[in-house]
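Protein chains: 2
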Amino acid sequence: MDEFALIPNPNDEKLLQTLSGLDESGQPVIIKVPVERPLTLFLNGQEIVTMMTIGDYPEYLATGYLLNQNMLTLKDKITAIDVDEDLGVVVVRTDQKTNFEEKLKKKTITSGCAQGTVFGDMMERFESIHLNKEAILLTSWLKDLFLKITHQPSLYLEAGAIHGCVLCHEVSPLIYMEDVGRHNAIDKLAGYIYHQNLTTEDKILYTTGRLTSEMVIKTVQMQIPILISRSGFTAWGVELARKAGLTLIGRAKGSRFIALSGQERIKFSPSKF
Amino acid sequence: MDEFALIPNPNDEKLLQTLSGLDESGQPVIIKVPVERPLTLFLNGQEIVTMMTIGDYPEYLATGYLLNQNMLTLKDKITAIDVDEDLGVVVVRTDQKTNFEEKLKKKTITSGCAQGTVFGDMMERFESIHLNKEAILLTSWLKDLFLKITHQPSLYLEAGAIHGCVLCHEVSPLIYMEDVGRHNAIDKLAGYIYHQNLTTEDKILYTTGRLTSEMVIKTVQMQIPILISRSGFTAWGVELARKAGLTLIGRAKGSRFIALSGQERIKFSPSKF
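Quick mapping for you: the protein sequence lines, in order, are chains G and Y.
To convert, note that position 63 of the first sequence is 63 in the UniProt record's numbering; the numbers rise steadily by one, no gaps.
To convert, note that position 202 of the second sequence is 202 in the UniProt record's numbering; the numbers rise steadily by one, no gaps.
Just so you know, these hints were derived from the structure itself, not from any lab.
Values in this document were obtained by computation on a predicted structure and should not be read as measured data.
All residues carry an ideal CB built from backbone N, CA and C; glycine is no exception.
Be careful, since some hints might not be right.
[To be verified] Okay, the calculated beta carbon distance ranges per label pair:
{"#": "1", "chain 1": "G", "residue 1": "Gly26", "chain 2": "Y", "residue 2": "Ile129", "range": "23 to 31 Å"}
{"#": "2", "chain 1": "G", "residue 1": "Thr94", "chain 2": "Y", "residue 2": "Gly88", "range": "33 to 41 Å"}
{"#": "3", "chain 1": "G", "residue 1": "Arg125", "chain 2": "Y", "residue 2": "Gly254", "range": "44 to 52 Å"}
{"#": "4", "chain 1": "Y", "residue 1": "Leu74", "chain 2": "G", "residue 2": "Lys253", "range": "43 to 51 Å"}
{"#": "5", "chain 1": "G", "residue 1": "Leu147", "chain 2": "Y", "residue 2": "Glu170", "range": "37 to 45 Å"}
{"#": "6", "chain 1": "Y", "residue 1": "Gly88", "chain 2": "G", "residue 2": "Lys253", "range": "31 to 39 Å"}
{"#": "7", "chain 1": "G", "residue 1": "Lys253", "chain 2": "Y", "residue 2": "Pro28", "range": "40 to 48 Å"}
{"#": "8", "chain 1": "Y", "residue 1": "Lys143", "chain 2": "G", "residue 2": "Pro28", "range": "41 to 49 Å"}
{"#": "9", "chain 1": "G", "residue 1": "Arg125", "chain 2": "Y", "residue 2": "Val171", "range": "46 to 54 Å"}
[Claimed, not checked] Straight-line distance between alpha carbons at most 20 Å, and here's what the computed EDC-like set of lysine to aspartate or glutamate pairs gives:
{"#": "10", "chain 1": "Y", "residue 1": "Lys253", "chain 2": "G", "residue 2": "Glu239"}
{"#": "11", "chain 1": "G", "residue 1": "Lys32", "chain 2": "Y", "residue 2": "Asp23"}
{"#": "12", "chain 1": "G", "residue 1": "Lys253", "chain 2": "Y", "residue 2": "Glu239"}
{"#": "13", "chain 1": "G", "residue 1": "Lys143", "chain 2": "Y", "residue 2": "Asp23"}
{"#": "14", "chain 1": "Y", "residue 1": "Lys267", "chain 2": "G", "residue 2": "Glu158"}
{"#": "15", "chain 1": "Y", "residue 1": "Lys32", "chain 2": "G", "residue 2": "Glu239"}
{"#": "16", "chain 1": "Y", "residue 1": "Lys14", "chain 2": "G", "residue 2": "Asp23"}
{"#": "17", "chain 1": "G", "residue 1": "Lys14", "chain 2": "Y", "residue 2": "Asp23"}
{"#": "18", "chain 1": "Y", "residue 1": "Lys143", "chain 2": "G", "residue 2": "Glu239"}
{"#": "19", "chain 1": "G", "residue 1": "Lys253", "chain 2": "Y", "residue 2": "Glu158"}
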């Protein structure tokens, strides 16, 4: 797969709005800010949730959300996805009927963005997943990888106030998704992976967001063995990563980082003098 | 009210966990990370939500959440708040029974952290609120204000990966709350304001989080006329701030910032040459 096979589109006027204001000296300024618009997700005619999203890739967001919430499994067959951008509605249809009324009553609101609603049975599935032990991370990849991601034109460079996540292979960024909530970004990525039928067990996930319990749960569910963030950790995120054997790297900037789980996959470069 | 009448407690071992890992050169490192633990909120015996929080000030978090979700109004009388830290449960009791079954079905998941669940009637109330037009912000206050906040010992300085919000009066930070989700921090602040019966119409709210629609809605509901963040804006956040006449300042660092709404409250210092 090519580097940056999928990238954000900072030129898509749907995603950014230009606003005028004042700077600290009272001078007029014009800045771009990301748009957030409601997208209501239906699964086979049942309303599941309304998400606030920048609105690109609604099909991937819908599919990824349902997969990451265990409302769909890889066994389910999606027969159609209908998007009505004007109404802000996306409908996912499967060959078998589904009903999540009970589940929806059992929502747990979590410390991540709201996308990360965790259901009881999510932990069950989480504990049954075995991540690829053969996957490796060369620390020598990281500096180039981060440089490529940082220099890629993005909504973040254009407007800030947005989260990104990037599916990477070795030193190559492949799929770069952005959204106002970091869980939208990772869910869009999960949807893309499902629809493109990508293998993930040799991949690395880079995120700008903090390494909370939910980010770890979603990464493990996506069978990605290595998760890297430029942000920090929460204690439960680390605990879950250690339980799942996920390689968890945070505070990653330039060639610096801290690894708190799955260190056996990391091949350290000989330190320079 | 004194400066920093309430501050985070980085020495509270309940809030931070010490973990060992490896740095980029494979050397062992020890870092502190914030804890996230579930807290299940009951209102008069009805389960409302389970929140992921660092766990300080559960009474304030519970009260502030219910107020910001319009599940309680200032007219409701809280008769008791029972906290069981071992079970991770907080029960808020009011003089009148409440029932939010229907509301809970109508959850909107938003782009902020999950705390920011928005109900239909929240917008109705939002539109009925009139913020104090007399409140002012001297740009000359900001540099000192930010310095005081930045240098205050905090969980952020100790462990990072946490959001903070600070209720300020002129150049004085008064109440400083932190949590893994920025909505927990602002809800704890709302709870404190309610229980201490503080006036807010002459105050400034500083947050580390992005200025999304929900942060704006909560600030307006708390009757705070000025909201400042070191982070950026979303388009809907700005639109709502303009609708409510909230002074909205983002990208605030040192003495620099951008104001996109309510500029009439800002008194600009004569620019230096």
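Hint check results:
1. Between Gly26/G and Ile129/Y the Cβ separation comes to about 27 Å, which falls inside the hinted range of 23 to 31 Å.
2. For the pair Thr94/G and Gly88/Y, the beta carbons lie near 35 Å from each other, so the given range of 33 to 41 Å is met.
3. Look at Arg125/G against Gly254/Y: about 47 Å separates their beta carbons, and that is inside 44 to 52 Å.
4. The hinted range of 43 to 51 Å is satisfied by Leu74/Y and Lys253/G, whose Cβ atoms lie roughly 45 Å apart.
5. Between Leu147/G and Glu170/Y the beta carbons are some 44 Å apart, a value that agrees with the proposed interval 37 to 45 Å.
6. The supplied range of 31 to 39 Å is met by Gly88/Y and Lys253/G, whose beta-carbon atoms lie about 35 Å from each other.
7. In this structure the hint that Lys253/G and Pro28/Y lie 40 to 48 Å apart at CB is violated, the actual value being about 20 Å.
8. As the Cβ distance of Lys143/Y to Pro28/G is approximately 22 Å, the hint placing it in 41 to 49 Å is violated.
9. Taking the beta carbon of each, Arg125/G and Val171/Y are about 52 Å apart, inside 46 to 54 Å as hinted.
10. The hinted pair formed by Lys253/Y and Glu239/G fails the criterion: a straight-line CA distance of about 34 Å is larger than 20 Å.
11. As the CA atoms of Lys32/G and Asp23/Y are separated by approximately 37 Å, the hinted pair breaks the 20 Å bound.
12. The hinted pair formed by Lys253/G and Glu239/Y fails the criterion: a straight-line CA distance of about 34 Å is larger than 20 Å.
13. The suggested pairing of Lys143/G with Asp23/Y holds, with an alpha-carbon distance near 14 Å, which does not exceed 20 Å.
14. Taking the CA atoms of Lys267/Y and Glu158/G, the gap is near 29 Å; set against the 20 Å cutoff, the hint is violated.
15. A threshold of 20 Å between alpha carbons decides the hint, and for Lys32/Y with Glu239/G the separation of about 13 Å falls inside it, so the pair holds.
16. Taking the CA atoms of Lys14/Y and Asp23/G, the gap is about 41 Å. The hint is violated against a cut of 20 Å.
17. For a cut-off of 20 Å, the pair hint linking Lys14/G to Asp23/Y is broken: about 41 Å separates their Cα positions.
18. Of the supplied pair hints, the one linking Lys143/Y and Glu239/G is violated, its CA atoms being roughly 39 Å apart against a limit of 20 Å.
19. Only pairs whose Cα atoms come within 20 Å are accepted, and Lys253/G paired with Glu158/Y is accepted, the gap being roughly 19 Å.
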